[in-house]
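Just need the whole structure built from these sequences, with the hints factored in.
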Amino acid sequence: TGQHNRHDDKSPGCDFAFSGSEFIYAFAFLSQKTGEPIWEQRAKLVMNYHWNARNKETNLAPDAPALHDRYDGNHAFTTIPGPHASLLLRAYELTKDRDYLEVALGHLRAYDQYGWDEEAQNYWGMLELNGTPVPEYGDPNTRMRSVHVYDFFQPVGYVDVWRTVLYSYEMPLIAAQSYAYAAQLSDDPQLKKAVERWSIVIEKALPPKTGRRWKMNLEEALPQIRETGGTYAENYGRAISFFLEAALVLDRNELRVKAEGIAREAIDHLHREDSGLFLGHAAKGTYEATDGVGCLLYALLQLDSYPEIGPPNF
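All you need for this note's numbering is the position in the sequence shown, starting with 1, plus 123.
If you're looking for bench data, these hints aren't it; they were derived computationally from the structure. Bear in mind the structure is a predicted one, so any value in this text is a computation, not a measurement. Where is the CB? At the ideal position from N, CA and C, for every residue including glycine. Heads up, some of the hints might be wrong.
Pairwise CB distance ranges, derived in the manner of DEER restraints [to be verified]:
| no. | residue 1 | residue 2 | range |
| --- | --- | --- | --- |
| 1 | LEU420 | GLN313 | 30 to 40 Å |
| 2 | TYR260 | GLN155 | 38 to 48 Å |
| 3 | PRO430 | GLU216 | 13 to 23 Å |
| 4 | PRO346 | GLU319 | 36 to 46 Å |
| 5 | ASN128 | TYR260 | 29 to 39 Å |
| 6 | GLU377 | ASP132 | 41 to 51 Å |
| 7 | SER428 | ASN340 | 32 to 42 Å |
| 8 | ASN175 | GLN313 | 19 to 29 Å |
Right under this line is the structure:
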């Protein structure tokens with residue numbers, strides 16, 4: 124069927140789009156390395172499982188199609204144009220099979236069409252599959268104490284650019300990178316326009332900071348964050364990479380300059396001269412790979428080699 128499970132418990136479960144795309148890309152990679160048709164078949168089985176779950180009128184796909192009784196089973200988030208579409212694009216570049224490209228572009232066009240709020244100049248973080256955005260309700264820090272235990276993870280309202288945790292299934296910076304990547308692979312003007320829109324969203328959210336979702340929890344766990352400010356290394360890195368990619372797509376040098384400014388701030392916040400290492404977050408005082416230091420290092424290399432920036436750091 125193409126249904127999969129993020130949890131290794133040998134039973135149906137959480138078929139999140141961001142884990143499904145990992146399977147798709149892995150299978151596409153194996154098909155190239157082995158030449159065995161089974162791997163291409165499996166890649167497309169998972170890809171079509173997610174694509175076929177979409178609303179046929181809007182082309183918006185749910186994050187986790189099998190979870191009918193949960194909000195992530197009937198809403199679209201930035202996980203779809205973000206990590207899911209991005210790895211479909213990578214699978215296309217790897218195999219040159221346009222099926223991957225066309226499905227990726229379908230996801231990207233749909234989220235841009237229904238997720239963009241022209242008046243607010245911002246993207247919604249959560250959409251009903253009919254295209255209706257889900258607005259913010261209540262205080263994002265206290266809402267978790269007033270709703271169903273799982274529902275407080277919802278990425279309602281506009282996107283939270285500087286996300287603090289994975290749980291909200293919100294990945295706007297990866298989504299922005301996906302649009303920039305797709306705009307380089309396709310001549311679709313809608314994708315180029317989406318890159319312009321994401322540059323507006325991210326620029327308005329500067330400087331990098333603690334995102335509004337889970338802010339209270341993060342400040343309770345790391346009280347020194349109120350003094351250090353800043354964000355995680357991954358967020359710095361993806362923002363730098365996006366502005367470099369956008370500068371090339373839109374032919375706007377000021378976006379490269381914006382990337383340089385973010386890079387300087389990242390170095391000021393995270394680099395430690397005594398060890399030469401980058402911290403995962405200025406408030407943590409430690410290097411942790413899961414904080415996305417690799418994304419930041421890759422982005423700094425891209426900045427150094429601009430305009431030959433290489434593939435995106437998905």
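Checked hints:
Between LEU420 and GLN313 the beta carbon distance is about 33 Å. The supplied range of 30 to 40 Å therefore holds. A beta carbon spacing of about 46 Å between TYR260 and GLN155 agrees with the range 38 to 48 Å that was offered as a hint. For PRO430 and GLU216, the Cβ-Cβ distance of about 18 Å falls inside the hinted range of 13 to 23 Å, so the restraint holds. One distance hint, 36 to 46 Å for the beta-carbon pair PRO346 and GLU319, holds here, with the actual separation near 38 Å.
Between ASN128 and TYR260 the CB atoms are about 31 Å apart, so this pair conforms to the stated range of 29 to 39 Å. Take GLU377 and ASP132: their Cβ atoms lie about 50 Å apart, and the range 41 to 51 Å holds. At roughly 38 Å, the beta-carbon separation of SER428 and ASN340 lies within the given 32 to 42 Å, and the hint holds. Restraint check, ASN175 to GLN313: a C-beta distance of roughly 23 Å satisfies the suggested window 19 to 29 Å.
When the structure is compared with the earlier hints, no violation turns up for any of them.
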